[in-house]
Amino acid sequence: MSDNPLIEILSERAMEKFGHQRAEKLRSEIEQLADELKKLYSAPVEPLDEP
Amino acid sequence: MSPEDLSLVEAAAAIRAGELSPVQYVLSLFTRMSQVELRVQAWTTVDHENVLAEARKCETEAAKKQFRGPLHGVPVGIKDIFYTKDLRTTMGSQLFENFVPSYDAHAVKRLKAAGAIVLGKSVTTMFANLDPGPTRNPWNLAHTPGGSSSGSAAAVAARMCPAAIGSQTVGSVGRPGAFNGIVSLVPTRERIGLQGVFPLAWSLDHVGMFGRAVADVELMLDSMTESPVQKLPERRSFRIGVVRDFFYENATPEARSLNETLAGKLAASGFQVEEVRLPPTFDLTQPTLRTILRAEVASIHEQLFAAHPESYGEKIRVMIETGMVLEAADYIRARRVRRRYQRDMAGLFEKFDVLLTPAARGTAPEGIGSTGDPVMNGPWTLADFPTMTVPHALGSNGLPIGAQLSAAPLQEGLLLEAAKAVESVVGFSARPAL
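Chains E and H, in that order, are what the protein sequence lines are. Take the first sequence: its position 25, counted from the start at 1, is 24 in numbering that gives the first Met the number 0, and no numbers get skipped. Take the second sequence: its position 352, counted from the start at 1, is 351 in numbering that gives the first Met the number 0, and no numbers get skipped.
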């Protein structure tokens, strides 16, 4: 099981918005999203890197 | 040669020379449609009466040597995500099945100003995402034509029109171009305005185009671009960077091998061919692209989805829902990483004119339940590199394989010249047997 805390945070948000059943269906996508966010937040960015 | 076999450039020249009647051309394309469309299903809407009426006007003008522009009298396909005045535009969704715009998208306006006739609206996947439409690959009807610009690519390959426009957010032009054995071009985003194109993701959407030769997409680009593309003198040799990192891991053994064969042919023809190593930022391509995509798709569809969730296909529904659990900071982070990525990637062109990769994992997959994987195209869309696909071989299953060529932003002139040189070396002349 992944130790990425973002999975549970995102899953809870999904449950609030879409209900338990739909959130369960989205689980693998949410795990992938959590992994992607973890990588994004590990990336070095500087104040001058504007969006 | 039958009119439907003419390239865009050939047809435009023949009309201008008085050798091809716009009316006869349209009629021959309608005949072609009647022969193959039931099997290919490339079109959502074709208004035969109005197309013929427009062709008659073009013919009358041509007889007086009055030409609206370089595409005078040539019919082209328009992906059904581009607004077309008084012509149904469905976005591939039942929610818009009776929607008729009151104005043309900017790209459509430019094409009409160049003299082109809108032949019809070509099939798009639902909202230009991944839920497929009915279109089949003209090379083998059991295979996908790719997407989201499914109908445009299939129609050009099946000789139902000489050229067509599409849109790309990740790989929706390059992938179908490769799967259908035709040439595609996605220019730098700012080259062609996106006004009147129903968005999938604002900051990733690009207008793209299909033709059966590099010269065709060049003519389409010249007709639509906001600022003239600087043309370069003809060159025979270019510095080609072969990108094996990531792209070869994601390609089939056959696609890898054929890409290597192509690289060898180019080297033997005098191109300077060398391997490119990607910067570390490249590892962030997928997280960056997908976070931006999810967030923007969710925002665009916020109200429609809330009102009509049952009308959404599963793939776009998942995209929207995962976008809805993101926070603003996540999206901003992704945009900032993208900026850094673009800067790092642009540095590759200090040593190379164009980059070469396979255009897709392999040939078009079997089945029409999926449009394939845009994994090969996304990195260059994220970087906003002008990118082309050029067919160069047939796979062992008889389906085409495409090479993907990319240049630095706003270097379409260089990219087109390199692509012409590659096209000349490859000499690809196969066509679907349909």
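One should not assume that every hint holds.
Stated by the list, open to error - Footprint (simulated), chain E over chain H, 3 or more residues, beta carbon under 8 Å:
(1) 288–300
(2) 322–336
As the list claims (entries may be wrong) - Covered by chain H, according to a simulated footprint, are these stretches of chain E (three or more residues, beta-carbon under 8 Å):
(3) 3–16
(4) 19–30
Read the hints as simulated data drawn from the structure, not as lab findings. Bear in mind that the values here come from a model prediction, so they are computed numbers and not experimental data. Here a beta-carbon is modelled for each residue, glycine too, at the ideal position from N, C-alpha and C.
Okay, the hints, checked on the actual structure:
1. Only when three residues or more bring their CB closer than 8 Å to a CB of chain E does the claim for the segment 288–300 of chain H stand; here the count is 3, and the claim holds.
2. Three residues within the 8 Å Cβ limit are the bar, and the segment 322–336 of chain H against chain E gives 10, so the coverage statement holds.
3. For the segment 3–16 of chain E, the stated coverage by chain H is satisfied: 4 residues place a CB nearer than 8 Å to a CB of that chain, which reaches the threshold of 3.
4. Check result for the segment 19–30 of chain E against chain H: holds, 4 residues qualifying (beta carbon to beta carbon below 8 Å, three or more required).
Checked against the numbered hints given earlier, the structure satisfies every one of them.
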